[in-house]
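Line order of the protein sequences matches chains P and H. For the first sequence, the residue numbers in my numbering are 1 to 224. For the second sequence, the residue numbers in my numbering are 1 to 245.
Hint data in this document are derived by calculation from the structure and do not stem from the laboratory. We put the CB at the ideal spot given by N, CA and C, even for glycine. There could be a bad hint or two in this list.
Claimed, not checked - Partial list, derived from the structure: chain P residues whose beta carbon lies under 7 Å from chain H:
| id | residue |
| --- | --- |
| 1 | 27 |
| 2 | 132 |
| 3 | 134 |
| 4 | 142 |
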Amino acid sequence: MEEIVANFFNAEIATAALPLVASGILNTILLSLMVIPLGLAAGLVLAVLAQSKNPLVRWPLMAWVDFFRAFPPLVLLVLLFAGLPFMGLELGGFACVAVAFMLNNSAYYGEVLRAGIDSVPNGQIEAARSTGLSSTQAMTYVVLPQAVRNVLPDLLSNTLEVVKLTSLGSVVAVPELLFAARQAQSTTFNATPIVMAAVIYYAMLWPLVRLLSRLENRALAGRH
Amino acid sequence: MTKIVKAHAIHKHFGALHVLKGVDLEVAEKELVFVIGPSGSGKSTLLRCLNRLEQPTSGSIEVAGIDMLSPKTDINHARQHIGMVFQSFNLYPHMTALANVMLALRKVAGKGKAEAETLARAALERVGLADRGHHRPAELSGGQQQRVAIARAIALEPKVMLFDEPTSALDPELVGSVLEVMRGLRESGMTMIVVSHEMSFARAAADRVIFMDQGLIVEQGPPAAIFEQPTHERTRSFIGQIRQH
Ligand SMILES: Nc1ncnc2c1ncn2[C@@H]1O[C@H](COP(=O)(O)OP(=O)(O)OP(=O)(O)O)[C@@H](O)[C@H]1O
Ligand SMILES: [Mg+2]
Chain P
1 MEEIVANFFN AEIATAALPL VASGILNTIL LSLMVIPLGL AAGLVLAVLA QSKNPLVRWP
61 LMAWVDFFRA FPPLVLLVLL FAGLPFMGLE LGGFACVAVA FMLNNSAYYG EVLRAGIDSV
121 PNGQIEAARS TGLSSTQAMT YVVLPQAVRN VLPDLLSNTL EVVKLTSLGS VVAVPELLFA
181 ARQAQSTTFN ATPIVMAAVI YYAMLWPLVR LLSRLENRAL AGRH
Chain H
1 MTKIVKAHAI HKHFGALHVL KGVDLEVAEK ELVFVIGPSG SGKSTLLRCL NRLEQPTSGS
61 IEVAGIDMLS PKTDINHARQ HIGMVFQSFN LYPHMTALAN VMLALRKVAG KGKAEAETLA
121 RAALERVGLA DRGHHRPAEL SGGQQQRVAI ARAIALEPKV MLFDEPTSAL DPELVGSVLE
181 VMRGLRESGM TMIVVSHEMS FARAAADRVI FMDQGLIVEQ GPPAAIFEQP THERTRSFIG
241 QIRQH
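Looking at chain P on its own, in the form it has when it is part of the complex (with noise of 0.2 Å):
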């Protein structure tokens, strides 16, 4: 029991491993902000392209965001960092997670966003059309704001997801959360700064969680 506290659950090390790990909690809630709005905006143009009738258009579209989908985010942020050094292009580790997750979350945005928008009725668009709103107007005003709050519980989902994901950045030496507990493990010979991650993570997501079941169980409410 002794052993198990000394090693997990150690205090001195908790507060001399303090300042690192807080590092990384910044980076972390960092990495989130650009990624999130990132991923979402990305997201956002491949499902509005998705409602083009032009099978020029979709195809493409489709099998890039099949493509994506399919790709563990992993190994497409390792090959990014690895290996595009070979063809002379150097991008330091916040910038490949970027595009890394640009790429794989914009491909799980994009699928929400895209379920969203066609689950608002035709007859939303025409009635904006007929007013003489533009296609583009329709889709500003009337649909995208139903097709949001639609799908709104998937996207939330979707976006813990991508803040757990955010620790991948310590396989290309991002310094967040996870890296700098990590870090302080193997300088400290000692478990505890693992142990404060995961606390940290839990408590950062705990209240994201909450509130997806609060949206999903008022969904499954709305539903009769």
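Put chain H with the ligands on the given structure of chain P with help from the hints.
Below, chain H with the ligands without anything else, positioned relative to chain P:
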């Protein structure tokens, strides 16, 4: 009299399906034209061609002097002059009644916020819903929703109003309030094309009734003539059918 709608030789195909087979329709200013006919005869498609929600396969359409089928026509601008009311209301559920009416005033007619709001309130007042502006569609009855939809269209001061079965989704006790608003519009001189089977309203308010079947206008005339002495067998049997309801 000036014709505000001039549609000639309208054909519409959906793939192999020939839905409109050469329809001619002219509507004079301030005229109220009723269109009746069996399900699938092409009434909705005809209306939707007039504001080009549907692209006719061939023919010509002029509304308020604008060539609706010319590629040079700014269709979004042209549609401001043609209000449309749908069977299923199609109000924007995420906006209040007032915001529903204001959207096109702001984004299409380019009005400022204050002016758009004044115009929207006036439109809601015309349909008897001045006090419902802050309600979402889900908080309104079907009849109220349809009247908001009418307000949304008339706020843009259209030259023509198209109604596609505006009362057929309503509970019987709510139909009257919508017809009342339509009667008021007519009295104010609005040109209207109404697809509906509300015979008593047609009798009281319509200048002309058109009977369509299988993509063609079979016959047309004043309501009394069409309802009491139809010349075609198909008209007679159709009117017999809707009488029974
Ligand atoms: N977008 C479409 N694609 C394929 N067929 C269509 C489409 N819209 C309408 N049709 C077909 O065109 C025909 C005419 O339809 P339309 O809706 O104009 O009839 P209607 O007279 O309004 O009928 P109702 O009284 O049932 O509303 C029908 O056979 C219908 O199935
Ligand atoms: Mg119809």
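Tested hints:
With a cut of 7 Å, the hint placing residue 27 (chain P) at the interface with chain H is violated, because the nearest CB-to-CB distance is about 37 Å. Checking residue 132 (chain P) against chain H by beta carbon gives a least distance of about 4 Å; that is within 7 Å, so the hint holds. At about 5 Å, the closest approach between the beta carbon of residue 134 (chain P) and any beta carbon in chain H falls short of 7 Å, and the interface hint on this residue holds. Because the smallest distance between the Cβ of residue 142 (chain P) and any Cβ of chain H comes to about 6 Å, under 7 Å, the interface hint for this residue holds.
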